[in-house]
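*Asks:* Sequence:
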Amino acid sequence: MRQSPQIAASTTRLTLIRHAPSDATRRSAFPLDESLDARALDEARALRPRLDRADVAWSGPAARARQTAEALGLDAKVAPELDECDFGVWRGRTLAELDDEDPVAVAAWIEDPAAAPHGGESLLALLDRIGGWLSARAGDGQRVVAVTHAGVIRAALVSALDAPVQAFWRFDVAPLSRTVLHAHDGRWTVRGVNLPP
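Here my numbering is used: the first residue of the sequence shown is 45, the next is one more, and so on.
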């Protein structure tokens with residue numbers, strides 16, 4: 045069944061793109077605010093011709109998100125809400141290292157969405173931040189592209205689906221993959237997850 049022009053015009057189409065792979069991504073480490081290397085920038089530039097048209101583009105404030113947006117040819121506005129979760133003292137470390145040192149803290153972080161043993165942001169705080177950003181975008185009625193992080197995209201999916209918090213851990217979000225959400229009448233639907241660029 046075809047959408048009426050009025051419904052189609054008022055639909056917000058949001059494409060979330062995870063930033064290109066960084067050193068931390070390749071090491072499976074909690075990110076620092078590292079810049080992208082030449083290889084990652086080339087991978088992002090190669091996607092330019094395949095990007096859908098956007099009325100507005102956003103980027104998280106981290107260097108890897110801003111550089112990915114630029115490599116994709118997007119004139120992106122920076123939105124602090126699209127920053128990755130604040131991992132506090134865990135930045136730059138791998139989960140395996142942390143689990144060897146303090147398995148109780150790692151277990152608390154995974155099992156309790158209110159826990160922030162790293163001294164940064166809890167999962168609940170991240171979900172609240174991203175849910176607020178999505179709510180603010182739901183009525184835009186535009187084609188929106190946002191370059192951001194895996195945690196932000198997982199939080200957006202949990203929010204869009206009104207899913208249980210633990211669903212956050214069940215989404216895989218690869219570097220430079222696309223996740224597509226649509227909003228109509230303030231309600232988000234999921235069109236695609238972890239789509240290849």
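Among the hints, a few may not be true.
[Said to hold, decoys possible] The following label-pair restraints were derived from C-beta to C-beta distances: (1) G163 - P208: 23 to 33 Å; (2) D144 - R231: 20 to 30 Å; (3) G136 - H228: 18 to 28 Å; (4) S179 - G236: 17 to 27 Å; (5) A90 - A159: 31 to 41 Å; (6) G236 - Q186: 30 to 40 Å; (7) R97 - T138: 20 to 30 Å; (8) A107 - A218: 29 to 39 Å; (9) H228 - G132: 12 to 22 Å; (10) D86 - G230: 14 to 24 Å; (11) A90 - D206: 27 to 37 Å; (12) D146 - Q210: 37 to 47 Å.
If you're looking for bench data, these hints aren't it; they were derived computationally from the structure.
Values in this document were obtained by computation on a predicted structure and should not be read as measured data.
By construction, the Cβ of each residue, glycine as well, lies at the ideal position given by its N, Cα and C atoms.
*Asks:* Using the Cβ atoms, figure out if S179 sits within 17 to 27 Å of G236.
*Replies:* At roughly 21 Å between Cβ atoms, G236 and S179 fall inside 17 to 27 Å, so the hint holds.
*Asks:* Determine whether the Cβ-Cβ distance between A90 and D206 falls within the hinted range of 27 to 37 Å.
*Replies:* For A90 and D206 the Cβ distance comes to about 36 Å; the hint holds.
*Asks:* Mind checking the hinted window 30 to 40 Å against the Cβ distance between G236 and Q186?
*Replies:* violated, 18 Å
*Asks:* Please test the hint of 23 to 33 Å on the beta carbon pair from G163 and P208.
*Replies:* holds, 26 Å
*Asks:* For the range 18 to 28 Å, tell me whether the beta carbons of G136 and H228 fit it or not.
*Replies:* Since the Cβ atoms of G136 and H228 sit about 41 Å apart, the hinted range of 18 to 28 Å is violated.
*Asks:* Quick check: does the Cβ-Cβ distance between A90 and A159 fall within 31 to 41 Å?
*Replies:* holds, 39 Å
*Asks:* In this structure, is the beta-carbon distance linking A107 and A218 contained in 29 to 39 Å?
*Replies:* violated, 20 Å
*Asks:* For the hint 12 to 22 Å, verify it against the beta carbon of H228 and that of G132.
*Replies:* 38 Å Cβ-Cβ, so the 12 to 22 Å window is violated.
*Asks:* Lying within 14 to 24 Å: is that true of the beta-carbon distance D86 to G230?
*Replies:* Between D86 and G230, where Cβ atoms are some 39 Å apart, the hint is violated.
*Asks:* Do the Cβ positions of R97 and T138 conform to the proposed distance bound of 20 to 30 Å?
*Replies:* Once the Cβ atoms are compared, 39 Å apart, the range 20 to 30 Å for T138 and R97 is violated.
*Asks:* So does D146 sit 37 to 47 Å from Q210, Cβ to Cβ?
*Replies:* violated, 22 Å
*Asks:* Between D144 and R231, is the Cβ distance one that fits in 20 to 30 Å?
*Replies:* violated, 44 Å
Against the hints set out earlier in the document, violations occur for numbers 2, 3, 6, 7, 8, 9, 10 and 12.
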